[in-house]
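Participant: Assemble the complex: chain A is given as a structure, and chain B must be docked to it using the hints.
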Amino acid sequence: GAVVSQHPSWVICKSGTSVKIECRSLDFQATTMFWYRQFPKQSLMLMATSNEGSKATYEQGVEKDKFLINHASLTLSTLTVTSAHPEDSSFYICSARDTKDRARRAFFGQGTRLTVV
Amino acid sequence: AQSVTQPDIHITVSEGASLELRCNYSYGATPYLFWYVQSPGQGLQLLLKYFSGDTLVQGIKGFEAEFKRSQSSFNLRKPSVHWSDAAEYFCAVGAYNQGGKLIFGQGTELSVKP
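Going down the list, the protein sequences come from chains A and B. One gets the working numbering by counting positions in the first sequence from 1 and adding 52 to each. One gets the working numbering by counting positions in the second sequence from 1 and adding 8 to each.
Just chain A, same shape as in the assembly (with noise of 0.2 Å):
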C-alpha cells in the first residue's frame, strides 16, 4: 500500500524557536496533503490542506503565521511550527491523497510528537 512518512517522529524544542516537519509521500504522488493536530486523549482536528505549487487552505481559528506550510512538490509537504510556545505542544500527523487513487483515499504518516519546553 501507500506510504507516507514523517519526519521527525519526535521533536523537542525551546520555547521561541521553530520546528519544521516534514510529510513524504513515498510512492505516489500527492497533490493534496493534509495536517491534523491532535491533542492528548483528543481526535484530530484538521489544521489545513495543503496544496502543491499553491497556498495552503486554513481551518477556521488556526494562525497562518504561526504554522507555515509549504508544499513544493509533488512528494513532500512541510510545516513549521514558528516561535514555538508550550500550548503548541501536540502531535501533529499528516496525510496524503494519492493523485492517481480513483478511490480517493488519503493516506496517513506515523505523526510527530511536539514538545515545547
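Keep in mind the hints are simulated off the structure, nothing from the lab. This structure is a prediction, so every number in the text was calculated from the model and none was measured. Cβ coordinates follow ideal geometry from the N, Cα and C atoms, glycine included. Watch out, some of these pointers could steer you wrong.
30 Å max Cα-Cα, derived BS3-like pairs, lysine-lysine [stated by the list, open to error]: (1) B/K109 / A/K116; (2) A/K66 / A/K116; (3) A/K66 / A/K93; (4) A/K118 / B/K109; (5) B/K69 / A/K72; (6) B/K109 / A/K72; (7) B/K76 / B/K109; (8) A/K72 / A/K107; (9) A/K152 / A/K66; (10) B/K109 / A/K107; (11) A/K152 / B/K121; (12) B/K109 / A/K152; (13) A/K93 / A/K116; (14) B/K76 / B/K57; (15) B/K76 / A/K93; (16) B/K69 / A/K152; (17) A/K93 / B/K69; (18) A/K93 / B/K109; (19) B/K57 / A/K93; (20) A/K116 / A/K72.
Examples of chain B residues toward chain A, derived with CB under 7 Å [said to hold, decoys possible]: (21) A25; (22) Q114; (23) G115.
Facilitator: Here is chain B on its own, set in the frame of chain A:
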C-alpha cells in the same frame, strides 16, 4: 453541521468477547466513511472504509462495519477481540469532492481484559 459522534469514550471487553464500537455521523453530502485505529504514540492505520455498494464492509484484523443510512451509523464490529486490539479507534467521514479531507469522531479507547 458536519460531525461525527462516537458515544463511547472508553470501552472494556474481555479477550475473546465480541465488540461493537458505535459511530454516528451528520453529513450533508454522500458520505465516505472510515474507521482508523491508533496505538499509543503512533499514527493512524486504516481498518476499513465504505464508499458505495455492499453496506457491510470487511476490513483488516477481522473487523467489519455496517453502514446504515437510515440511522446515520457506521458501527465497527469484531466477533472475538484479541489483547492486541487494545487501542484508540476513530470513525471519520469525508466527501468524494473533498478528497482526503476528513472529519473525525472523538475516538473510543478500547481496553481488553485477559
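Participant: Are the hints correct? Go through all of them and say.
Facilitator: Status of the hints after comparison with the structure:
no., hint, result
1, B/K109 / A/K116, "holds (18 Å)"
2, A/K66 / A/K116, "holds (21 Å)"
3, A/K66 / A/K93, "holds (24 Å)"
4, A/K118 / B/K109, "holds (21 Å)"
5, B/K69 / A/K72, "violated (35 Å)"
6, B/K109 / A/K72, "holds (22 Å)"
7, B/K76 / B/K109, "holds (22 Å)"
8, A/K72 / A/K107, "holds (17 Å)"
9, A/K152 / A/K66, "violated (40 Å)"
10, B/K109 / A/K107, "holds (16 Å)"
11, A/K152 / B/K121, "violated (43 Å)"
12, B/K109 / A/K152, "holds (16 Å)"
13, A/K93 / A/K116, "holds (25 Å)"
14, B/K76 / B/K57, "holds (14 Å)"
15, B/K76 / A/K93, "holds (28 Å)"
16, B/K69 / A/K152, "holds (27 Å)"
17, A/K93 / B/K69, "holds (24 Å)"
18, A/K93 / B/K109, "holds (21 Å)"
19, B/K57 / A/K93, "holds (23 Å)"
20, A/K116 / A/K72, "holds (15 Å)"
21, A25, "violated (24 Å)"
22, Q114, "holds (4 Å)"
23, G115, "holds (5 Å)"
Consistency note: the structure conflicts with the earlier hints numbered 5, 9, 11, 21.
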